[in-house]
Amino acid sequence: CAHCKGFFFCGQEPFVADEYIERLAWRTPGGGSRGGEAFDPKRLLEEFVNHIQELQVMDERIQRKVEKLEQQCQKEAKEFAKKVQELQKSNQVAFQHFQELDEHISYVATKVCHLGDQLEGVNTPRQRAVEAQKLMKYFNEFLDGELKSDVFTNSEKIKEAADIIQKLHLIAQELPFDRFSEVKSKIASKYHDLECQLIQEFTSAQRRGEISRMREVAAVLLHFKGYSHCVDVYIKQCQEGAFLRNDVFEDAAILCQRVNKQVGEIFSNPETVLAKLIQNIFEVKLQSYVKDQLEEHRKSDAEQYLKNLYDLYTRTTNLSSKLMEFNLGTDKQTFLSKLIKAIFISYLENYIEVEIGYLKSRSAMILQRYYDSKNHQKRSIGTGGIQDLKERLRQRTNLPLGPSIDTHGETFLSQEVVVNLLQETKQAFERCHRLSDPSDLPKNAFRIFSMLVEFLCTEHIDYALETGLAGIPSSDSKNANLYFLDVVHQANTIFHLFDKQFNDHLMPLISSSPKLSECLQKKKDIIEQMEVKLDMGIDTLNCMIGQMKHILAAEQKKTDFKPEDENNVLIQYTNACVKVCGYVRKQVEKIRNSMDGKNVDTVLMEFGVRFHRLIYEHLQQYSYSCMGGMLAICDVAEYRKCAKDFKIALVLQLFDTLHALCNLLVVAPDNLKQVCSGEQLANLDKNILHSFVQLRVDYRSARLARHFS
Numbered sequence: 005c006a007h008c009k010g011f012f013f014c015g016q017e018p019f020v021a022d023e024y025i026e027r028l029a030w031r032t033p034g035g036g037s038r039g040g041e042a043f044d045p046k047r048l049l050e051e052f053v054n055h056i057q058e059l060q061v062m063d064e065r066i067q068r069k070v071e072k073l074e075q076q077c078q079k080e081a082k083e084f085a086k087k088v089q090e091l092q093k094s095n096q097v098a099f100q101h102f103q104e105l106d107e108h109i110s111y112v113a114t115k116v117c118h119l120g121d122q123l124e125g126v127n128t129p130r131q132r133a134v135e136a137q138k139l140m141k142y143f144n145e146f147l148d149g150e151l152k153s154d155v156f157t158n159s160e161k162i163k164e165a166a167d168i169i170q171k172l173h174l175i176a177q178e179l180p181f182d183r184f185s186e187v188k189s190k191i192a193s194k195y196h197d198l199e200c201q202l203i204q205e206f207t208s209a210q211r212r213g214e215i216s217r218m219r220e221v222a223a224v225l226l227h228f229k230g231y232s233h234c235v236d237v238y239i240k241q242c243q244e245g246a247f248l249r250n251d252v253f254e255d256a257a258i259l260c261q262r263v264n265k266q267v268g269e270i271f272s273n274p275e276t277v278l279a280k281l282i283q284n285i286f287e288v289k290l291q292s293y294v295k296d297q298l299e300e301h302r303k304s305d306a307e308q309y310l311k312n313l314y315d316l317y318t319r320t321t322n323l324s325s326k327l328m329e330f331n332l333g334t335d336k337q338t339f340l341s342k343l344i345k346a347i348f349i350s351y352l353e354n355y356i357e358v359e360i361g362y363l364k365s366r367s368a369m370i371l372q373r374y375y376d377s378k379n380h381q382k383r384s385i386g387t388g389g390i391q392d393l394k395e396r397l398r399q400r401t402n403l404p405l406g407p408s409i410d411t412h413g414e415t416f417l418s419q420e421v422v423v424n425l426l427q428e429t430k431q432a433f434e435r436c437h438r439l440s441d442p443s444d445l446p447k448n449a450f451r452i453f454s455m456l457v458e459f460l461c462t463e464h465i466d467y468a469l470e471t472g473l474a475g476i477p478s479s480d481s482k483n484a485n486l487y488f489l490d491v492v493h494q495a496n497t498i499f500h501l502f503d504k505q506f507n508d509h510l511m512p513l514i515s516s517s518p519k520l521s522e523c524l525q526k527k528k529d530i531i532e533q534m535e536v537k538l539d540m541g542i543d544t545l546n547c548m549i550g551q552m553k554h555i556l557a558a559e560q561k562k563t564d565f566k567p568e569d570e571n572n573v574l575i576q577y578t579n580a581c582v583k584v585c586g587y588v589r590k591q592v593e594k595i596r597n598s599m600d601g602k603n604v605d606t607v608l609m610e611f612g613v614r615f616h617r618l619i620y621e622h623l624q625q626y627s628y629s630c631m632g633g634m635l636a637i638c639d640v641a642e643y644r645k646c647a648k649d650f651k652i653a654l655v656l657q658l659f660d661t662l663h664a665l666c667n668l669l670v671v672a673p674d675n676l677k678q679v680c681s682g683e684q685l686a687n688l689d690k691n692i693l694h695s696f697v698q699l700r701v702d703y704r705s706a707r708l709a710r711h712f713s
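Residue numbers (our numbering): 5 to 713.
Worth flagging that the hints you see were computed from the coordinates, not collected in a lab. Just to be clear, a hint being listed does not mean it is correct.
Said to hold, decoys possible - Derived lysine-lysine pairs resembling PhoX-like cross-links, with alpha carbons at most 25 Å apart:
id: 1; residue 1: K79; residue 2: K69
id: 2; residue 1: K240; residue 2: K364
id: 3; residue 1: K336; residue 2: K280
id: 4; residue 1: K602; residue 2: K561
id: 5; residue 1: K311; residue 2: K265
id: 6; residue 1: K295; residue 2: K240
id: 7; residue 1: K583; residue 2: K527
id: 8; residue 1: K240; residue 2: K265
id: 9; residue 1: K364; residue 2: K303
id: 10; residue 1: K553; residue 2: K527
id: 11; residue 1: K447; residue 2: K504
id: 12; residue 1: K72; residue 2: K82
id: 13; residue 1: K447; residue 2: K553
id: 14; residue 1: K430; residue 2: K527
Using the sequences plus the hints, can you model the full thing?
Following this line, the structure appears as C-alpha cells:
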C-alpha cells in the first residue's frame, strides 16, 4: 500500500516476521520460492538490504510523527487544565450567590410566618366570638322553646345540627339545674334524637354499601356518647349472612379479612373496631359452637370428646394466628390469648384427668381384646423390683423359675397391639402438647408416659417375658421347642419402637424440665428389669445343650470310633456330628435374629463355651482306634467350622485346642512328646493331655506308656 510500500503490516492482522520474509522472497526474482525459477542468493541479499534500509527510513518518519503528536497532546492537556481552573472559579462564585439568595429567602419566609401568626392571633378570637354568638342564638331558640333555624329543620343539614347540639350539650352540663332545667332537658332530648338519626343514617348507609357516607356519619358520631352503639351496629350488620357454611372458623377468618380492608375507610380508630368485632365473634359465635360440639360427648364418649377438644382448640389457635396479621392495638397477643382462654378454660382445667382416664381404659381394652382373641387368661406375675429380679437370677441355678407351662409356641406379643398402644399414646402426647398449660406440660407428659410404661412395658412385654421364662423346658426335655428366643426377638423389636416414641414425642415436651431426669430414670429401670429377665432366660441355653446331648446319645455309637474293619471306613464324619452341627447352626442364627448389640456376643460366648464343654466331655466317653481317632479329628474339625459361625475368638480358640488334643489319638508313640510340646498344647495341664492319650486302644502297650511317661 502507499503507506507501508508493500511491507504488508499496516492492516489489522498482527505482524508475523516469518510470513513477511516468505512473501518478500516470493516477490523477489531468483528468490527460489516460485516453481521453475533458479535460486539467486546475491539478488535475494540485495533485496533484503534494500528493504532493511526502507524500514529504517520508515521507522524514523513514524518516530518523528509520534514525537509531534506527543507535543500536541501535552499542549492540549495544559489548555484543558487551565480551562478547568477557570470553571472551578466560576462555580465558587455561583455558589456564593446561591448562599446569599438562600439567606434572603429564609429571611423573607420568617417575616411571612411572623405576619401569619399575627393575623391568626387576630382572626382566632374573632372566629371564636362569631362561634359563641351563633351558639347563643341557638341556645335562645331552646330557651324560647321554638327551633326556627334552618339547621334544625332541614334534614339535609343533620351534620351541622349534630355539631351544634353536641357543643350545646357540653355547655348545658355546666349550667345550674334549678334555673336551666327545662332548657337542659330540651337540649338533651334533641341530642338524643340527633344521635338516633345519625345511627339510623349509618345503618342505612351500611346496608346500601355507601362507605363515604358511613365515614361522614361515623366522624360526626365520634363526639357523641352513642358512638359505641354505632360500632355495635356496624359489627352486628357485618356478621349478617357471614356464617352460612359449616366451617365457622373459616367464615370468621374471611369476615375479619373483609372488615379489616373496610374498617380503616370508615372509622378513625379502626384497630379498636376490629378488635371489638373479633371479641364479639369469639364470645358469641365461637363459644356457642365449641360448647355445642363438646358438651354432646363430654360425659358419654371420652375419645370423641378429646378429639373434638383438640381439633377445636387447634382451629381456634390457627384462627388466632391469622388474626395476628391485623392491627388490633399494642398487645394483640395477650388480647387473643385471653379470648381463647375464656372459651376453653372450663375444658382445659380437667383435661389431663380425662386424658389419663381415657388412655387407661383404652389401653386395657386393647390388651384384653388381644388376650381374648388368643383364648388366654392372664396369670398373675411377680411384681418385685430390680433387686428381687437380681436375687432370682443369682439363685436360678438352685431354685426353679416356677412351674413350666406350655405356651404352644405363642409369644403373647403382638405388633398390632403395640402399634395401637403407641398410636394412642402418640395422639395423647400431641393433645397434651397443645392443650396443657406450659407450666403443667412436663408433669402431664410424664403421666402419659407412665401409662405407656404400665400397659406396654409391664402389662404386655414384661408379662410375655415372664410367661416365656415359665415356658422354658427343663434341660432333659426331649424335642423341646425354645420359644423364649422368639419372645426375646419380638420384645427387642417392640422396645425399639418404644424408645423411638420416647425420643420423638416425649423428649421435646420434657427436655427443659426436671421431669427429664425422672423419665430417663424410669426408662433405665425398665431396660434394666427387662435385661435381668432376658439374662434369666439364659437357661434356654441349658435346653439347647440338653437337646444336643439327646442327639449325641441317640446317634453316636461306640463302633464309630473303634470300627470292626479299620480298612473299610467310608464316612468323613459321624452322623451324630452332622445332626449336632445342623442344630447348632440353627440356634446361632436364631440367637442373632433375636438379640442385638453386645447381648448377641454375650449369649453366643456362653453358648459356645457350653458347646465346647459338651463335645469335650462327650469325646472322653469313648476309646479310639487309629482309624477311629482320625474320624474323631474329622468330627472336631466339623465342630470347629460350626464354631466359626459364632464369630467369637474364645470359642474358636477352644475348638482349635480340642482339635489339637484329638491329634494325640492318632500320632505315633515316638512323636507324642513333640506334639505335646507344640504351641497349642504346651500350656495345657499334663493331666488333660494324659486323659486324651488314655483314650487310645493301644494305650496299654508298654511302648506307648513309656513314651508318654
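Going down the list of hints, with the structure as the test:
1. Our distance criterion of 25 Å between C-alpha atoms is met by K79 and K69, whose separation comes to about 16 Å.
2. Restraint check for K240 and K364: not satisfied, since their Cα atoms lie roughly 46 Å apart, outside the 25 Å limit.
3. About 12 Å separates the Cα atoms of K336 and K280, which keeps this hinted pair within 25 Å; it holds.
4. At most 25 Å may separate the alpha-carbon atoms for a hinted pair to count; K602 and K561 exceed this at roughly 39 Å.
5. Restraint check: the Cα-Cα separation between K311 and K265 comes to about 35 Å, which exceeds 25 Å; the hinted pair is violated.
6. Taking the CA atoms of K295 and K240, the gap is near 22 Å; set against the 25 Å cutoff, the hint holds.
7. Taking the CA atoms of K583 and K527, the gap is near 43 Å; set against the 25 Å cutoff, the hint is violated.
8. With a C-alpha separation of about 17 Å, the suggested pair K240 and K265 falls inside the 25 Å cut-off, and the hint holds.
9. Distance hint between K364 and K303 is fulfilled; the C-alpha atoms sit about 16 Å from each other, no more than 25 Å.
10. Using a Cα cut-off of 25 Å, the hinted pair K553 and K527 is violated, with the two alpha carbons roughly 40 Å apart.
11. Taking the CA atoms of K447 and K504, the gap is near 20 Å; set against the 25 Å cutoff, the hint holds.
12. At roughly 16 Å between alpha-carbon atoms, K72 and K82 fall within 25 Å of each other, so this suggested pair holds.
13. Between K447 and K553, the direct Cα distance comes to roughly 56 Å. Violation of the 25 Å bound is thereby established for this hinted pair.
14. At roughly 17 Å between alpha-carbon atoms, K430 and K527 fall within 25 Å of each other, so this suggested pair holds.
Hint compliance for this structure: hints 2, 4, 5, 7, 10, 13 are not met, and every other hint is.
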